[in-house]
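**Student:** Since chain A is already given, all that's left is putting chains B and C on it; use the hints.
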Amino acid sequence: MVLFGMPLAQLLLFGYAITTEVNNANIGIYNQSPGQYSNGLVDKMVSSGFFRLAENVHSEAEMLDVFKKNKVKLIMIIPTDFESKVSRGEASIQLIADGSDPNLASILTTSAEAVIMTWMKGSFTQKLEIETIDPQVRWHYNPELKSAEMFVPGVVTIILMLVSAMLTSISITREKELGTIEILYVSPLKPITIIIGKVVPFAILSIINAGLILAAAWVIFSVPVNGSLILLLAESMLFILTSLGLGVLISTVSNTQQTALMLSLFALMLPTILLSGFIFPVANMPWPLQIISNVIPAKWFLIIIKSIMLKGVGLAYIWKESMVLIGMTLFFIGLSIKKFKIRLQ
Amino acid sequence: MNNKELTITAKNLTKQFGDFTAVDAISFEVEKGEIFGFLGANGAGKTTAIKMLCGLSMPSSGEATIAGYDIYKEPEMIKKNIGYMSQHFSLYQDMTIRENIRFYAGIYGLTNKQIKERGEQLIKELKLESFADRLVADLPLGFKQKLAFSIAVIHNPKIVFLDEPTSGVDPITRRQFWGLIYEASNRGITVFVTTHYLEEAEYCNRVSIMVDGEMRDLDTPIELMKKYNKKTMNDVFLYMAVRSKRKE
Amino acid sequence: MVEYIHVNKSYEGEPAVKDISFTVDKGELFGLIGPDGAGKSTLFRILTTVLLPDSGRILFDGRDVVKDYKYVRRNVGYMPGRFSLYQDLSVRENLEFFATIFNTTIEENYDLINDIYEQLEPFEERRAGDLSGGMKQKLALSCALIHKPKVLVLDEPTFGVDAVSRKEFWEMLKSLKEKGVTILVSTPYMDEAELCDRVALIQKGDILEINTPEGIIDRFDKKLYRLRTPDIYPALMALSQIEGMELSFSFGQEIHIYLKKEITENWLEDQMREKGIKEVKVMKGKPGIEDCFMNLMVSGNLLEGVENE
Numbered sequence: 002m003v004l005f006g007m008p009l010a011q012l013l014l015f016g017y018a019i020t021t022e023v024n025n026a027n028i029g030i031y032n033q034s035p036g037q038y039s040n041g042l043v044d045k046m047v048s049s050g051f052f053r054l055a056e057n058v059h060s061e062a063e064m065l066d067v068f069k070k071n072k073v074k075l076i077m078i079i080p081t082d083f084e085s086k087v088s089r090g091e092a093s094i095q096l097i098a099d100g101s102d103p104n105l106a107s108i109l110t111t112s113a114e115a116v117i118m119t120w121m122k123g124s125f126t127q128k129l130e131i132e133t134i135d136p137q138v139r140w141h142y143n144p145e146l147k148s149a150e151m152f153v154p155g156v157v158t159i160i161l162m163l164v165s166a167m168l169t170s171i172s173i174t175r176e177k178e179l180g181t182i183e184i185l186y187v188s189p190l191k192p193i194t195i196i197i198g199k200v201v202p203f204a205i206l207s208i209i210n211a212g213l214i215l216a217a218a219w220v221i222f223s224v225p226v227n228g229s230l231i232l233l234l235a236e237s238m239l240f241i242l243t244s245l246g247l248g249v250l251i252s253t254v255s256n257t258q259q260t261a262l263m264l265s266l267f268a269l270m271l272p273t274i275l276l277s278g279f280i281f282p283v284a285n286m287p288w289p290l291q292i293i294s295n296v297i298p299a300k301w302f303l304i305i306i307k308s309i310m311l312k313g314v315g316l317a318y319i320w321k322e323s324m325v326l327i328g329m330t331l332f333f334i335g336l337s338i339k340k341f342k343i344r345l346q
Numbered sequence: 228m229n230n231k232e233l234t235i236t237a238k239n240l241t242k243q244f245g246d247f248t249a250v251d252a253i254s255f256e257v258e259k260g261e262i263f264g265f266l267g268a269n270g271a272g273k274t275t276a277i278k279m280l281c282g283l284s285m286p287s288s289g290e291a292t293i294a295g296y297d298i299y300k301e302p303e304m305i306k307k308n309i310g311y312m313s314q315h316f317s318l319y320q321d322m323t324i325r326e327n328i329r330f331y332a333g334i335y336g337l338t339n340k341q342i343k344e345r346g347e348q349l350i351k352e353l354k355l356e357s358f359a360d361r362l363v364a365d366l367p368l369g370f371k372q373k374l375a376f377s378i379a380v381i382h383n384p385k386i387v388f389l390d391e392p393t394s395g396v397d398p399i400t401r402r403q404f405w406g407l408i409y410e411a412s413n414r415g416i417t418v419f420v421t422t423h424y425l426e427e428a429e430y431c432n433r434v435s436i437m438v439d440g441e442m443r444d445l446d447t448p449i450e451l452m453k454k455y456n457k458k459t460m461n462d463v464f465l466y467m468a469v470r471s472k473r474k475e
Numbered sequence: 017m018v019e020y021i022h023v024n025k026s027y028e029g030e031p032a033v034k035d036i037s038f039t040v041d042k043g044e045l046f047g048l049i050g051p052d053g054a055g056k057s058t059l060f061r062i063l064t065t066v067l068l069p070d071s072g073r074i075l076f077d078g079r080d081v082v083k084d085y086k087y088v089r090r091n092v093g094y095m096p097g098r099f100s101l102y103q104d105l106s107v108r109e110n111l112e113f114f115a116t117i118f119n120t121t122i123e124e125n126y127d128l129i130n131d132i133y134e135q136l137e138p139f140e141e142r143r144a145g146d147l148s149g150g151m152k153q154k155l156a157l158s159c160a161l162i163h164k165p166k167v168l169v170l171d172e173p174t175f176g177v178d179a180v181s182r183k184e185f186w187e188m189l190k191s192l193k194e195k196g197v198t199i200l201v202s203t204p205y206m207d208e209a210e211l212c213d214r215v216a217l218i219q220k221g222d223i224l225e226i227n228t229p230e231g232i233i234d235r236f237d238k239k240l241y242r243l244r245t246p247d248i249y250p251a252l253m254a255l256s257q258i259e260g261m262e263l264s265f266s267f268g269q270e271i272h273i274y275l276k277k278e279i280t281e282n283w284l285e286d287q288m289r290e291k292g293i294k295e296v297k298v299m300k301g302k303p304g305i306e307d308c309f310m311n312l313m314v315s316g317n318l319l320e321g322v323e324n325e
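Chains as they are written, first to last, in our numbering: chain A, 2 to 346; chain B, 228 to 475; chain C, 17 to 325.
Think of the hints as simulated: they come from the structure by calculation, not from any bench.
Don't take every hint at face value.
Okay, derived cross-link-like pairs now, DSBU-like style, lysine-lysine, Cα gap no bigger than 35 Å in a straight line [unchecked claim]:
| # | chain 1 | residue 1 | chain 2 | residue 2 |
| --- | --- | --- | --- | --- |
| 1 | C | 291 | B | 231 |
| 2 | A | 177 | C | 195 |
| 3 | B | 371 | C | 195 |
| 4 | B | 457 | C | 164 |
| 5 | B | 458 | C | 190 |
| 6 | B | 354 | C | 294 |
| 7 | A | 342 | B | 457 |
| 8 | C | 164 | A | 339 |
| 9 | B | 231 | C | 294 |
So that you can see chain A by itself, here it is in the shape it has in the complex:
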């Protein structure tokens, strides 16, 4: 079952996750020059099927706030002189995309440009130069579109999860394989003590790992931490605990290191890479997958780490995601303690 089911599942996942289309993506519109033409453009955008008008923005400050709160990934700015200029064939549009998710951002801007082109051709009966309306694209956050800035948060996430979950689960199942677990059973040790004993060293290892990666990213790739470093480390610690909980849970259902390794890789790492938003934007996936992605802890941590590193936000903006992680951690650890066997059978 594993032999055939796994590749099939992966095929489906890959197929659905890698959509390069966009459907009903949230956008914001900052219409500084309401009028016949601009309203027409807005209508066209909203009815295209690609976009959903999530925010009507009225100031620059509001615009920044909306980005910070992750409410939209793209904002279209219609400048004050649009109405007057467009009839003369000269106007311009500005598209600002959230650069912390470059894949998504480029898909959105391409779609937006397409809609604008379509609108242009349809709205003007007189012949017009296609270039007259030239959407200027700017990336907010990560303006130079440095791939390092996109990858580093994702890499930190994956590594933290891998080290914590995989190594913990392997370490515990190793005792089962070697037989030393029998001796641990025949001792006053309680399951929680054994679990803590296994978990703590990997927690320490992981946080050091995280620190090293961030330091390396800063030194080599100049990836900044725009927000509070302490908050970042604290959230990392939380995510580490979540992953450790998962690792222990895997060990309770595995009897051999091989099983633990397989489970960690296929049931944990692969879905995480595919569905957490690390490479493929979640917003792009068909909604069943989007719902599944909510179950993956890495998805929430990715939002947190990107927000802190690239957007420089504080706890106020990510408390919801943090709560989710806390809940997951308690759930995994609680379940592990319950499922931890105290005998061989």
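**Tutor:** Showing chains B and C alone in chain A's frame:
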């Protein structure tokens, strides 16, 4: 009397790991059809010596011929002419008896016809007809050992190396196993066996005792017991091994 | 101190332990003797609470091991089969680990293990995995004793260990017994049975007999004859052709024959010479534990026959 064919000859065979001499210049000869007991405490150098004789490890110095082949120049020919069985490695648990026979006989280079003939003969001799298509894992331990031995000699090798073949097996089955060893010896197969059951040493034609990498003595069990004035091989072994310097 | 009452256990339909009942007294050195697969490890695992029995009760110091498993786990010293210590930790680290998880220190009960530990001391810093078989057993024994358990349960402690180390190990057990520790040991080596106070001979989940070693030998229900000859194998072949000599087994330089009725030694010698065995001497003999075990196997129809499986 002097027409003895020698299947193993070793002269000053040595194996060194860095400045640690695991096997220190051992010299001996084994005749065709002999049951040769290779004794020694753990750490005395037994396993290292056997690995060399099986062509699995190159000696550091000294000479040896196994089944007539030079230990340095023709290790692959050695492997083709010997059989091997140990308590750790023997058969594939999740294959049937017949499948195991086919597999190993194939590896040993038997033709399909030979495999069929000898395989069926083996099954008959061990009285495993009703079991032949069941998994080895379902066999009781003693049967596994007997089967493993029979398969190890299915290609009539010149020598078969047995590494503690009867560990943990009940005393009756152990003797049945030795019955198989006797039969093989009668057929002209040299049997080179190590064991921790010292009493089994008394079934051998000759026995060697390794201590601290050296071969301290080699003779028939009766002669050894006479020489050291002991009643059993167990006592002889204890006497010799206790004076080991290589404690750990 | 330890009591098994009608204990049964099966694995996937195959019975491993069948209606076992016996007792071990305080301060006894009790041996469970039998080959692989007899059920020894299963019995020990049930006692140490690592496995649950299918039915029956087991009492440890008067307490039910299933309900009071925590008590058992605090007061038993367990060495599972085939060495289960931490190979990457040093000798000393292993000891400290076990002392810690039992809430004690090495110093506290040092008097119990000091004879054993003296031999390990020169290798304190060495990785446990790099020790020889004999040393590993000594280390495992020390770790099992570190918390001064009421009962020591050792599952095949001498497996794979050479004869010298085995001898030393049993000497250590003897001196531990003198310090008042109740000891249960399992082993496939029949000769070790004679070193115990009492033994249970076990094969295929059944207990063949329980008694002191001398008691078992006394109850040997046949006559034993020893046949000495230089060539064992041909002699065995010859014996198989003489009626009534089915129970003939090689024992080193001689053959032991179990007979229901008495015979004259000369008669058998003549019979053998007729079959071509020139040098032969027959004498009456006293059975050892191994003889008793094999005899019980035969009587109990416990020979390994595939047809019986």
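**Student:** Each of the hints needs a verdict: does it hold here or not?
**Tutor:** So, going through the hints one by one against the coordinates:
1. For the given pair, residue 291 of chain C sits about 27 Å from residue 231 of chain B by alpha-carbon distance, which is consistent with the 35 Å threshold.
2. Between residue 177 of chain A and residue 195 of chain C, the direct Cα distance comes to roughly 34 Å. Compliance with the 35 Å bound is thereby established for this hinted pair.
3. About 42 Å separates the Cα atoms of residue 371 of chain B and residue 195 of chain C, which puts this hinted pair outside 35 Å; it is violated.
4. Between residue 457 of chain B and residue 164 of chain C the alpha-carbon distance is near 39 Å, which puts this suggested pair outside the 35 Å criterion.
5. A threshold of 35 Å between alpha carbons decides the hint, and for residue 458 of chain B with residue 190 of chain C the separation of about 24 Å falls inside it, so the pair holds.
6. Restraint check for residue 354 of chain B and residue 294 of chain C: the C-alpha separation of about 33 Å stays at or below 35 Å, so the hint holds.
7. Using a Cα cut-off of 35 Å, the hinted pair residue 342 of chain A and residue 457 of chain B is violated, with the two alpha carbons roughly 53 Å apart.
8. Only pairs whose Cα atoms come within 35 Å are accepted, and residue 164 of chain C paired with residue 339 of chain A is accepted, the gap being roughly 31 Å.
9. Proposed proximity of residue 231 of chain B and residue 294 of chain C is supported: the alpha carbons are some 24 Å apart, at most 35 Å.
Consistency note: the structure conflicts with the earlier hints numbered 3, 4, 7.
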